[in-house]
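Asks: As a plain string of letters, each chain reads:
Protein chains: 2
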Amino acid sequence: MLRAARSAALVAAILSLAACSESRSRAAAPAPSPADPQPAPAPADPQAAYLAARRAEVAAMPDPPSALPQSTGARQELAYMIELGERLLRETNTHPLTAPYVGASGLTCSSCHLDAGRKKAIASTFIGAAASFPAFNDRDGGVITLQDRVNGCFMRSMNGTRLPENSEALLAIVSYINWLSQGFPLQPDPDRAVSSLNRSFPNPAIKAMALAGKAVAANGASIYDSRCAPCHGVHGEGLVGAPPVWGERAYNRGAGMANNVQAGSWIQFNMPPAEELTLTDQEALDVAAFVNAQPHPAFVEAEHLPGGGAGYGGAEIVYHYGASFTAEQVAARVPSGPTADPALDGAALYAARCAACHGPLAGSAVRGRTAAQISAAIAGLGSMAGLKDLSAAQVEAVAAALR
Amino acid sequence: MLRAARSAALVAAILSLAACSESRSRAAAPAPSPADPQPAPAPADPQAAYLAARRAEVAAMPDPPSALPQSTGARQELAYMIELGERLLRETNTHPLTAPYVGASGLTCSSCHLDAGRKKAIASTFIGAAASFPAFNDRDGGVITLQDRVNGCFMRSMNGTRLPENSEALLAIVSYINWLSQGFPLQPDPDRAVSSLNRSFPNPAIKAMALAGKAVAANGASIYDSRCAPCHGVHGEGLVGAPPVWGERAYNRGAGMANNVQAGSWIQFNMPPAEELTLTDQEALDVAAFVNAQPHPAFVEAEHLPGGGAGYGGAEIVYHYGASFTAEQVAARVPSGPTADPALDGAALYAARCAACHGPLAGSAVRGRTAAQISAAIAGLGSMAGLKDLSAAQVEAVAAALR
Numbered sequence: 011m012l013r014a015a016r017s018a019a020l021v022a023a024i025l026s027l028a029a030c031s032e033s034r035s036r037a038a039a040p041a042p043s044p045a046d047p048q049p050a051p052a053p054a055d056p057q058a059a060y061l062a063a064r065r066a067e068v069a070a071m072p073d074p075p076s077a078l079p080q081s082t083g084a085r086q087e088l089a090y091m092i093e094l095g096e097r098l099l100r101e102t103n104t105h106p107l108t109a110p111y112v113g114a115s116g117l118t119c120s121s122c123h124l125d126a127g128r129k130k131a132i133a134s135t136f137i138g139a140a141a142s143f144p145a146f147n148d149r150d151g152g153v154i155t156l157q158d159r160v161n162g163c164f165m166r167s168m169n170g171t172r173l174p175e176n177s178e179a180l181l182a183i184v185s186y187i188n189w190l191s192q193g194f195p196l197q198p199d200p201d202r203a204v205s206s207l208n209r210s211f212p213n214p215a216i217k218a219m220a221l222a223g224k225a226v227a228a229n230g231a232s233i234y235d236s237r238c239a240p241c242h243g244v245h246g247e248g249l250v251g252a253p254p255v256w257g258e259r260a261y262n263r264g265a266g267m268a269n270n271v272q273a274g275s276w277i278q279f280n281m282p283p284a285e286e287l288t289l290t291d292q293e294a295l296d297v298a299a300f301v302n303a304q305p306h307p308a309f310v311e312a313e314h315l316p317g318g319g320a321g322y323g324g325a326e327i328v329y330h331y332g333a334s335f336t337a338e339q340v341a342a343r344v345p346s347g348p349t350a351d352p353a354l355d356g357a358a359l360y361a362a363r364c365a366a367c368h369g370p371l372a373g374s375a376v377r378g379r380t381a382a383q384i385s386a387a388i389a390g391l392g393s394m395a396g397l398k399d400l401s402a403a404q405v406e407a408v409a410a411a412l413r
Numbered sequence: 011m012l013r014a015a016r017s018a019a020l021v022a023a024i025l026s027l028a029a030c031s032e033s034r035s036r037a038a039a040p041a042p043s044p045a046d047p048q049p050a051p052a053p054a055d056p057q058a059a060y061l062a063a064r065r066a067e068v069a070a071m072p073d074p075p076s077a078l079p080q081s082t083g084a085r086q087e088l089a090y091m092i093e094l095g096e097r098l099l100r101e102t103n104t105h106p107l108t109a110p111y112v113g114a115s116g117l118t119c120s121s122c123h124l125d126a127g128r129k130k131a132i133a134s135t136f137i138g139a140a141a142s143f144p145a146f147n148d149r150d151g152g153v154i155t156l157q158d159r160v161n162g163c164f165m166r167s168m169n170g171t172r173l174p175e176n177s178e179a180l181l182a183i184v185s186y187i188n189w190l191s192q193g194f195p196l197q198p199d200p201d202r203a204v205s206s207l208n209r210s211f212p213n214p215a216i217k218a219m220a221l222a223g224k225a226v227a228a229n230g231a232s233i234y235d236s237r238c239a240p241c242h243g244v245h246g247e248g249l250v251g252a253p254p255v256w257g258e259r260a261y262n263r264g265a266g267m268a269n270n271v272q273a274g275s276w277i278q279f280n281m282p283p284a285e286e287l288t289l290t291d292q293e294a295l296d297v298a299a300f301v302n303a304q305p306h307p308a309f310v311e312a313e314h315l316p317g318g319g320a321g322y323g324g325a326e327i328v329y330h331y332g333a334s335f336t337a338e339q340v341a342a343r344v345p346s347g348p349t350a351d352p353a354l355d356g357a358a359l360y361a362a363r364c365a366a367c368h369g370p371l372a373g374s375a376v377r378g379r380t381a382a383q384i385s386a387a388i389a390g391l392g393s394m395a396g397l398k399d400l401s402a403a404q405v406e407a408v409a410a411a412l413r
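These protein sequence lines map, in sequence, to chains A and B.
Under this note's numbering, the first residue of the first sequence is numbered 11, with each subsequent residue one higher.
Under this note's numbering, the first residue of the second sequence is numbered 11, with each subsequent residue one higher.
What the hints contain is simulated information worked out from the structure, not anything from laboratory work.
Computed from a predicted structure; not experimentally measured.
Careful, some of the hints might be misleading.
Think about it this way: if two alpha-carbon atoms lie no more than 30 Å apart in a straight line, the pair counts; the simulated DSS-like pairs of lysine-lysine are [said to hold, decoys possible]:
no., chain 1, residue 1, chain 2, residue 2
1, B, Lys398, A, Lys130
2, B, Lys129, A, Lys129
3, B, Lys398, A, Lys398
4, A, Lys398, B, Lys130
Covered by chain B, according to a simulated footprint, are these stretches of chain A (three or more residues, beta-carbon under 8 Å) [said to hold, decoys possible]:
no., segment
5, 209-218
6, 370-378
Facing chain A, according to a computed beta carbon distance under 10 Å, are these residues of chain B, among others [stated by the list, open to error]:
no., residue
7, Pro74
8, Leu78
9, Ala145
10, Arg149
11, Gly152
12, Asp158
13, Trp189
14, Pro198
15, Gly243
16, Glu286
17, Ala361
18, Cys367
Ideal Cβ positions, reconstructed from N, Cα and C, are used throughout, including at glycine.
Please work from the sequences and hints to get the whole structure.
Replies: This is the structure in structure tokens:
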């Protein structure tokens with residue numbers, strides 16, 4: 011019966027493919043106005059230009075590494091972890107090390123990060139990703155590690171719970187993504203927890219259209235039936251080889267995919283397979299709106315945190331991975347922020363380096379000594395040779411404190 | 011009385027400085043043999059050449075960054091975390107976020123990682139360190155993250171317990187070290203969890219001498235009295251500005267410093283301040299042997315793990331940060347290791363991409379189809395357009411499975 015239903019779905023998909031071909035035609039560039047004294051150069055089609063630029067961006071991406079790191083020792087432990095990590099990304103919902111954390115999810119990491127993140131594709135690739143962490147992540151309201159970012163997907167895209175921080179599974183996944191990033195210069199990002207190769211995500215035009223309320227889910231339904239249903243199923247259930255995109259086994263409402271801007275951009279950049287970067291902004295946004303108009307699991311954050319969120323709140327200052335700071339928690343923090351250069355704080359230098367022999371600063375026997383006198387003592391007295399690391403500026407600072 | 015004791019210690023130190031100057035003289039290069047027909051070029055002093063090479067290595071180290079990353083948003087969260095991390099490294103045993111984890115330790119991170127790891131010095135600097143993780147670490151018997159490496163120091167060098175993986179303190183420290191590593195290309199290391207700038211650590215000559223039993227703690231005592239005691243105290247208790255080097259507030263027996271090879275190398279590369287890389291291999295090893303012959307806290311691993319080590323053993327496969335795998339745990343692992351390229355497994359490809367419509371491989375209605383026929387169907391049939399991502403090699407693999 012299942013196969014019969016699938017065949018029926020396929021027939022429907024093929025029929026709708028024919029019926030909807032019109033909606034997939036690209037907008038032609040506007041003809042030059044006949045009133046122009048000279049024919050202006052035909053304005054470039056911004057949509058085509060945008061997609062061409064993204065294709066060029068993808069073409070410029072470096073290849074993933076092919077050789078695993080080889081230890082000179084007997085145990086190829088790092089290579090083992092990298093291979094295990096790749097396997098977990100491909101088999102997230104069936105491998106014994108990760109399946110318990112994603113419940114009934116029909117998704118693996120590789121559902122969105124195609125070919126386990128090896129594929130050169132915007133918003134999908136893991137190539138270079140590890141070099142951008144720790145970074146500020148708006149969703150979490152704080153700085154997050156790569157481990158946190160991975161766990162964000164476990165909680166949301168895969169509708170599961172966080173892998174333990176000290177689990178072999180999480181370390182393996184991070185080792186694998188780090189390997190796909192080898193050679194990339196570390197660049198902590200103060201604004202976004204996103205890889206350097208994925209900075210075009212999301213598509214700003216799709217964002218503007220979504221904010222302007224221009225998503226048309228009904229159009230998305232037609233496109234879905236023709237372009238997506240052959241693999242994802244007319245009920246969004248996912249056929250073999252393609253993940254469910256709605257229903258209880260799909261991503262939950264906390265996932266990036268549940269946001270039409272992110273889903274539309276991801277779809278445009280990655281789907282359909284081998285035809286990525288062909289959907290227009292409007293088409294991609296419409297498909298996203300249609301898919302997100304279907305049922306998805308709700309997202310109640312505490313249900314996706316260890317122990318139901320215990321330890322992720324309260325008065326103690328804890329960095330809340332995957333959870334947000336409250337204003338009170340931010341206010342309660344131990345102050346940091348810019349301070350005077352501690353290396354040039356004369357009183358502190360005196361306390362740390364001079365007071366042991368010369369007594370407290372207030373009643374010091376060497377009050378009034380000049381920088382020149384101090385420098386001479388350091389150079390001449392063996393007992394003060396340990397102070398030779400002080401810079402001239404530091405000696406000046408100590409002398410100033412002694413005035 | 012304390013100050014009187016210190017003054018007495020200082021006098022003793024100054025006296026021993028004079029008495030021991032002979033032991034600190036460098037070995038002269040051997041004179042050329044008069045029997046030589048021509049005077050051979052004076053052989054280089056290997057010790058002097060080694061130290062000069064290390065000085066050149068240090069001089070070539072890049073500066074630490076000076077500007078904090080500036081967010082375009084209102085909250086300078088990443089900069090906050092970096093500054094907090096530096097503060098924690100300098101105030102580890104007094105700051106409220108870290109002091110509870112290091113008990114009565116007289117050490118901070120900055121005791122060994124001078125100037126909070128900003129100093130250009132082998133075995134001390136944090137510049138570039140974050141780019142070398144995750145890496146295999148022999149002591150832990152596995153792959154470790156930078157967080158693990160930091161926690162190794164909390165457990166051993168600072169004789170405390172591990173910071174929680176999700177603590178603000180650990181994230182801040184990692185953010186800071188990552189910032190000191192910005193621009194360094196990621197390079198996972200299959201052999202050693204050590205920064206690219208610290209690869210000369212430990213000194214191989216010191217290692218060879220230590221293994222040959224050539225450490226002379228009594229000589230180390232003389233050197234200690236003259237060169238170290240002025241700051242570290244005649245009882246190793248640490249004067250203001252210098253940490254204790256033995257006793258209950260010093261590093262424990264599990265620390266790298268408790269190993270004469272590592273301690274001797276670190277001392278040669280970093281001490282005395284502003285006179286680093288002047289002690290000979292023998293002198294540095296002797297000082298290390300003397301210091302390590304004094305009392306230090308014992309290291310019982312379980313006492314330094316959360317919950318007394320609960321969760322760090324047992325049948326479940328858990329990656330044991332800071333603890334070692336047993337042979338049974340390694341044997342019990344889910345196998346990984348090299349496998350055939352899954353992307354070219356024809357039967358698996360058929361199951362994932364073809365079986366939904368064509369039924370199981372064994373009774374497939376399309377058995378016997380050639381690669382050319384399959385490719386033509388993919389190109390020509392809209393219902394098979396979703397297979398356009400298959401490579402020619404993958405189509406060949408499917409065709410082979412269908413034979």
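Asks: Take the hints in turn and mark each one as holding or not.
Replies: Against the structure, the hints come out as follows:
1. B/Lys398 - A/Lys130: Status holds; Cα separation ~16 Å.
2. B/Lys129 - A/Lys129: Since the Cα atoms of B/Lys129 and A/Lys129 sit roughly 40 Å apart, the hinted pair is violated (cutoff 30 Å).
3. B/Lys398 - A/Lys398: Outside the cut-off at roughly 70 Å; violated.
4. A/Lys398 - B/Lys130: holds (16 Å)
5. 209-218: As far as the segment 209-218 of chain A goes, the hint is violated, because 0 residues have Cβ atoms under 8 Å from chain B.
6. 370-378: violated (count 0)
7. Pro74: Where the cut-off is 10 Å and the nearest Cβ of chain A is about 12 Å from B/Pro74, the hint is violated.
8. Leu78: holds (8 Å)
9. Ala145: holds (7 Å)
10. Arg149: violated (13 Å)
11. Gly152: Holds: closest Cβ of chain A sits about 6 Å from B/Gly152, inside 10 Å.
12. Asp158: Since the shortest Cβ distance to chain A is 9 Å, the answer is holds.
13. Trp189: Holds: closest Cβ of chain A sits about 6 Å from B/Trp189, inside 10 Å.
14. Pro198: Result: holds, 5 Å to nearest chain A Cβ.
15. Gly243: holds (9 Å)
16. Glu286: Check passed: Cβ of B/Glu286 comes within 9 Å of chain A, closer than 10 Å.
17. Ala361: holds (7 Å)
18. Cys367: At about 6 Å, which falls below the 10 Å cut-off, the nearest Cβ of chain A leaves the hint on B/Cys367 intact, so it holds.
Consistency note: the structure conflicts with the earlier hints numbered 2, 3, 5, 6, 7 and 10.
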